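Here is what each chain is made of, one letter per residue.
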Amino acid sequence: MSILKKTATLLIILIITISCKSDDVELPLGDYENGFFIANEGPFSNGTGTLTFIGNDGAIEQDVYQAVNNEVLGNIVQSMTFHNNNAYIVVNNSHKIIVVNRHTMKKITTIEGSNINNPRYFVAVGNTGYVSNWGSTSSSTDDYIAVIDLSTNTVTSTIPVGEGPEDMLVKDNTIYANLQGGFGFNNKIEVIDTDTNTISTTITVGDVPNAILKDNNGAIWVLCSGNPNYATGGETNGKLIKIENNSVTSTLDFGTQKHPSHLTINENNLYYNLGGKVYSMLVSSNQLNTNAIAGFDGFYYTMKAKDGVLYTTNAGDFASEGILKVFNLNTNEYSYSKTTGIVPTAVVFQ
Amino acid sequence: MKYSILLFLTTVFAQAQNDTINLLNEVKLYGNFSPKINAGYHIQIISDSVINNTHQSLGNLLQNKANIYFKQNGNGMVSSISLRGSGASHTGIYWNGITINSSLNGQTDFNTLSANGYNQIEIRKGAGSVLFGSGAIGGAINLRDKIYFINKKEFVSNIGYASYNTQNIFVQTKLNTTKFYSKISFEKIKSENDYPYLNTNLINENGAYKNYHIKGALAYKLNTNNQIQLFTTYSNNERELSRTITAPSNSKYKNEEQRIMLHWKNFGNKYNSSLKLAYLDETYKYYFNKEDIDYSYGESKNYIAKYDFSYFIKNKISIHTGLENKLIKGSGKDITKAKRNIFETYMLIHQQPIKKINYNVSIRKGFSKTYDIPFIYAVDTKYSITSKTAIKANYSTNYKLPTFNDLYWSYSGNEKLLSENSKTLELGFDYQTKNTIINITTYHTNSNNLIQWRPTTNIIWKPINIQKVTSTGVEFVFNTIKKVNKNQFEFSTQYAYTISEDLHKKKQLIYVPYHKANASINYLYKGFGVNINQQYNGAVFTTTSNTQTVEHFWLTNIQISKKIIKNKINIGLVVNNIFNKAYQTVAYRPMPNRNLKLSINIKI
Chain W
1 MSILKKTATL LIILIITISC KSDDVELPLG DYENGFFIAN EGPFSNGTGT LTFIGNDGAI
61 EQDVYQAVNN EVLGNIVQSM TFHNNNAYIV VNNSHKIIVV NRHTMKKITT IEGSNINNPR
121 YFVAVGNTGY VSNWGSTSSS TDDYIAVIDL STNTVTSTIP VGEGPEDMLV KDNTIYANLQ
181 GGFGFNNKIE VIDTDTNTIS TTITVGDVPN AILKDNNGAI WVLCSGNPNY ATGGETNGKL
241 IKIENNSVTS TLDFGTQKHP SHLTINENNL YYNLGGKVYS MLVSSNQLNT NAIAGFDGFY
301 YTMKAKDGVL YTTNAGDFAS EGILKVFNLN TNEYSYSKTT GIVPTAVVFQ
Chain F
1001 MKYSILLFLT TVFAQAQNDT INLLNEVKLY GNFSPKINAG YHIQIISDSV INNTHQSLGN
1061 LLQNKANIYF KQNGNGMVSS ISLRGSGASH TGIYWNGITI NSSLNGQTDF NTLSANGYNQ
1121 IEIRKGAGSV LFGSGAIGGA INLRDKIYFI NKKEFVSNIG YASYNTQNIF VQTKLNTTKF
1181 YSKISFEKIK SENDYPYLNT NLINENGAYK NYHIKGALAY KLNTNNQIQL FTTYSNNERE
1241 LSRTITAPSN SKYKNEEQRI MLHWKNFGNK YNSSLKLAYL DETYKYYFNK EDIDYSYGES
1301 KNYIAKYDFS YFIKNKISIH TGLENKLIKG SGKDITKAKR NIFETYMLIH QQPIKKINYN
1361 VSIRKGFSKT YDIPFIYAVD TKYSITSKTA IKANYSTNYK LPTFNDLYWS YSGNEKLLSE
1421 NSKTLELGFD YQTKNTIINI TTYHTNSNNL IQWRPTTNII WKPINIQKVT STGVEFVFNT
1481 IKKVNKNQFE FSTQYAYTIS EDLHKKKQLI YVPYHKANAS INYLYKGFGV NINQQYNGAV
1541 FTTTSNTQTV EHFWLTNIQI SKKIIKNKIN IGLVVNNIFN KAYQTVAYRP MPNRNLKLSI
1601 NIKI
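Just so you know, the sequences run in chain order W and F.
Residue 92 in the working numbering sits at position 92 of the first sequence, with consecutive numbering throughout.
The working numbering runs 1000 ahead of the 1-based position in the second sequence.
Chain W with its partners taken away, still in its complex shape:
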């Protein structure tokens, strides 16, 4: 090493040390601070789910959890949620929630046991976590939301709910849990008061509510895909439902044999996937858009809009890596693609 290099290295070290001491520069919190994750289910029958990280600089890293922790996540990674300094990764078929540091991905603990049975999604209010569980496959009446004390990472109680609790929305200390149906089909939303951890009301929506979100005006939107043709009660239409003050104020019907999915929102525009196309609709509109966005076509496995960008994934043949396809919502143009893990199920932002 030349003198010049040595001096330069010393200088750099000095600068870093000095900078770190001053208050205007923050220490990096971890390798995964700046960017977003894709949670991959992994192959269905045997194998493990994985996490893909894409940095703000475009750098991509596969199998993040495995690289950091030298162990696999488990079978069917269903969802991943950030809360405070942690990320909660729900592993459906391994019946556990893995808690990691959101910036370093280092494992903190695993929440599992008899009260975590077919877990689906995680949300948190303050220091309490809520996990939707389908319970045993043999019972349609044992579904529940597990209540978790996040300081001890233990299940403190369970709230019995209707069949198939799925995605949940937190709004003003209230949880709205979609009852998608689990192993069957359902059409309700459980409204849970987190002060008492009890169900305050149940709202009937369309069949198979598969996405729930709130807009800037405080209204809740629920996308119901409708029963498929093999449902016992027969096929039903997809519906987009608006809820204000815990009552349905608008129902838009997609018509027969139309089964929309993946509702997401960017500013005042809702986006959803229907029949291999992506549609948008203003939250102020009272009718569905009949024209799809040109160039956005695809049967997506998930869709997530954020800051003028639409992130979509495609699971391909479900037996090899999937694809993340990103579109610009300001210009409605394709932006870029990345390879993900197997069956990319969720896009989660830091």
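Don't take every hint at face value.
Said to hold, decoys possible - Result set (DSBU-like, lysine-lysine): computed pairs, CA atoms no more than 35 Å apart in a straight line:
| id | chain 1 | residue 1 | chain 2 | residue 2 |
| --- | --- | --- | --- | --- |
| 1 | W | K338 | F | K1468 |
| 2 | W | K338 | F | K1505 |
| 3 | W | K188 | F | K1285 |
| 4 | F | K1036 | F | K1265 |
| 5 | F | K1333 | W | K188 |
| 6 | W | K188 | F | K1462 |
| 7 | F | K1505 | W | K325 |
| 8 | F | K1290 | W | K96 |
| 9 | W | K242 | F | K1462 |
| 10 | F | K1462 | W | K96 |
| 11 | F | K1505 | W | K306 |
| 12 | F | K1506 | W | K277 |
| 13 | W | K96 | F | K1210 |
| 14 | F | K1365 | W | K96 |
| 15 | W | K106 | F | K1581 |
| 16 | W | K325 | F | K1507 |
| 17 | W | K107 | F | K1290 |
| 18 | F | K1581 | W | K338 |
| 19 | F | K1505 | W | K277 |
| 20 | W | K96 | F | K1333 |
| 21 | W | K325 | F | K1333 |
| 22 | F | K1301 | F | K1210 |
Stated by the list, open to error - Over the 12 Å line for every Cβ pair with chain W, so calculated as not near, a few chain F residues:
| id | residue |
| --- | --- |
| 23 | S1163 |
| 24 | E1344 |
| 25 | Y1411 |
| 26 | T1436 |
| 27 | I1460 |
| 28 | Y1514 |
| 29 | I1532 |
Because the hints were derived from the structure by calculation, they are not lab data.
Nothing here was measured: the structure is a model prediction, and the numbers come from that model.
Note that CB positions come from ideal geometry on N, CA and C, so glycine has one too.
Since the structure of chain W is provided, determine the placement of chain F on it from the hints.
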């Protein structure tokens, strides 16, 4: 004739090993596996001495003796075959000449099919739809009962106890006269199967199984030209479906199979005639949760009438022809009641124009209201260079019809499916002396319209005729026997190199190893025997993009046996996986650690 069946059940034996030398002897074959009408193919026989001496699952037997690759979801769980890089439903499995692949999914589970009690297993690698019908693309395997009209009474029994609380019992009686033949066997295998997963703190939870098999063969010689034969089998299998490294399981699978066949054989100096009437029934129940009262189920019933006729025009020329009608009825929780009828006919001409050349030309055409069955044909030839060496060649077109699941699975089945097609060219070289066999075979197969279940949306998957695959490979066989005084040494090794590529993706198919090999050394001395069996399974891809693999593995098993009391009793000890290696054939599904089996064969 004082012996009642009960008495037979209390006495006990196993087939002696003294005829292992038969390995190299010409074995007489009948029906569509006969060497004469398969001149251009290589046919391997596993004799009853080997079958009865090892008492293992049919899958393990074929893996050890015929170098065939199996994909096992853990020990004792579903085991599916892949021959020459083809799919699990692309090998035809036959029971005394009639196909027994499931009508529902086209496959055969080699952990629920028992080889014990059959007289021989006939293995014909390579495509053969013309002689064997739908699905014989990777190969054809026949489980055969042989009938002898000689005066003989025999009682055979095998009792074994093995690791993981595994118990097996097999009893068989034969009562034969010059007019009458009967062979009846009963078998039970039961295991806790709770082996540890090496390098983890998990065990094979929820892996217990219990299988029963009853087999019977009866025959009556009407006169020198006519025989009536009756074959029947019943099996009942109940298995828990074990966990994986990443997920627990509490699923369970039950299946029952019964088959009955009446066979009238009529033959003269110039002809053979064979009429088979058979009824086959398969049912399964799948419990996603074994405590659940709810389960998925399916059933198929096959009614088969098959007539084969061979006529020897001159010594050097013969015609073989046949008709088969098959009515299949399927039903189940997810299969709308459906039935289909298939009528097929084939013809083969064999000729030996000069001593050195044998050849066959054959054609087949089938008819069904459900779909078009293509016209197919094959030619094969054997050219004997010397008395010890020969060149073999064959070219054939083949098909596989869609299964009931493909056609009728509720809301997903596709009734517009076409049959899958393939073409195969094969070249082989044989060297054979009294003590040594060498065989080298190379082949190339083009398959089209292969059916794959693809997601049409994210929820609905449908089967479509889409995949194109080419399979190219080389197979090598070497067997030799040496006798020095009373010491007998046998050495055999087989190797297969297989490229099976999806033409759209330009990638090797998942779960098809490039390399597969085995080697076995057998030493016999005055009733004492040692066998060392070495297996090699090359790495297999688990993703269609060929990015992830299940690692390759070496597996060594050792068997020691000793005959006592005038060779009536044979005591055997087997050590499987003697080096205690962690290995998997399916990702995240570990196979057993080192394990032992002690068995006693008794033959009276």
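We went through each hint and held it up to the structure:
1. Only pairs whose Cα atoms come within 35 Å are accepted, and K338 of chain W paired with K1468 of chain F is accepted, the gap being roughly 27 Å.
2. At most 35 Å may separate the alpha-carbon atoms for a hinted pair to count; K338 of chain W and K1505 of chain F meet this at roughly 18 Å.
3. Distance check on the hinted pair: K188 of chain W and K1285 of chain F sit about 33 Å apart at the alpha-carbon level, within 35 Å; holds.
4. A C-alpha spacing of about 19 Å is found between K1036 of chain F and K1265 of chain F, which places the hinted pair at or below 35 Å, so the restraint holds.
5. Distance hint between K1333 of chain F and K188 of chain W is fulfilled; the C-alpha atoms sit about 28 Å from each other, no more than 35 Å.
6. A distance of roughly 30 Å separates the Cα atoms of K188 of chain W and K1462 of chain F; the hinted pair therefore holds under the 35 Å criterion.
7. The suggested pairing of K1505 of chain F with K325 of chain W holds, with an alpha-carbon distance near 20 Å, which does not exceed 35 Å.
8. Note on K1290 of chain F and K96 of chain W: the hinted pairing holds, with a Cα-Cα distance of about 21 Å set against a maximum of 35 Å.
9. Simply put, K242 of chain W and K1462 of chain F have alpha-carbon atoms about 34 Å apart, close enough for the 35 Å limit, and the pair holds.
10. A threshold of 35 Å between alpha carbons decides the hint, and for K1462 of chain F with K96 of chain W the separation of about 32 Å falls inside it, so the pair holds.
11. For the proposed pair K1505 of chain F and K306 of chain W, the alpha carbon gap of about 34 Å is at most 35 Å, so the pair holds.
12. About 29 Å separates the Cα atoms of K1506 of chain F and K277 of chain W, which keeps this hinted pair within 35 Å; it holds.
13. Taking the CA atoms of K96 of chain W and K1210 of chain F, the gap is near 32 Å; set against the 35 Å cutoff, the hint holds.
14. Between the alpha carbons of K1365 of chain F and K96 of chain W the distance comes to roughly 56 Å, so the proposed pair goes past 35 Å and is violated.
15. A hinted pair counts as satisfied when its Cα atoms are at most 35 Å apart, and K106 of chain W with K1581 of chain F qualifies at roughly 31 Å.
16. Taking the CA atoms of K325 of chain W and K1507 of chain F, the gap is about 23 Å. The hint holds against a cut of 35 Å.
17. Between K107 of chain W and K1290 of chain F the CA atoms are separated by roughly 33 Å; this keeps the pair inside 35 Å, and the hint holds.
18. Distance hint between K1581 of chain F and K338 of chain W is unfulfilled; the C-alpha atoms sit about 38 Å from each other, more than 35 Å.
19. Between K1505 of chain F and K277 of chain W, the direct Cα distance comes to roughly 25 Å. Compliance with the 35 Å bound is thereby established for this hinted pair.
20. With a C-alpha separation of about 31 Å, the suggested pair K96 of chain W and K1333 of chain F falls inside the 35 Å cut-off, and the hint holds.
21. The suggested pairing of K325 of chain W with K1333 of chain F is violated, with an alpha-carbon distance near 38 Å, which exceeds 35 Å.
22. Between K1301 of chain F and K1210 of chain F, the direct Cα distance comes to roughly 24 Å. Compliance with the 35 Å bound is thereby established for this hinted pair.
23. Every CB of chain W lies more than 12 Å from the CB of S1163 of chain F, the least distance being 24 Å, so the non-interface label holds.
24. With a closest Cβ-Cβ approach of about 34 Å to chain W, E1344 of chain F is found to remain outside the 12 Å limit, as its non-interface label requires.
25. The non-interface label for Y1411 of chain F is inconsistent with chain W: the shortest C-beta to C-beta separation is roughly 4 Å, within 12 Å.
26. Distance check on T1436 of chain F: its Cβ is at least 43 Å (rounded) from any Cβ of chain W, clearing the 12 Å threshold; non-interface status holds.
27. Separation of I1460 of chain F from chain W is inadequate, the least Cβ-Cβ distance of about 7 Å not exceeding the 12 Å criterion.
28. A cut-off of 12 Å between C-beta atoms confirms that Y1514 of chain F is not in contact with chain W; the least separation is 19 Å.
29. At roughly 32 Å from the closest C-beta of chain W, the C-beta of I1532 of chain F stays outside 12 Å, upholding its exclusion from the interface.
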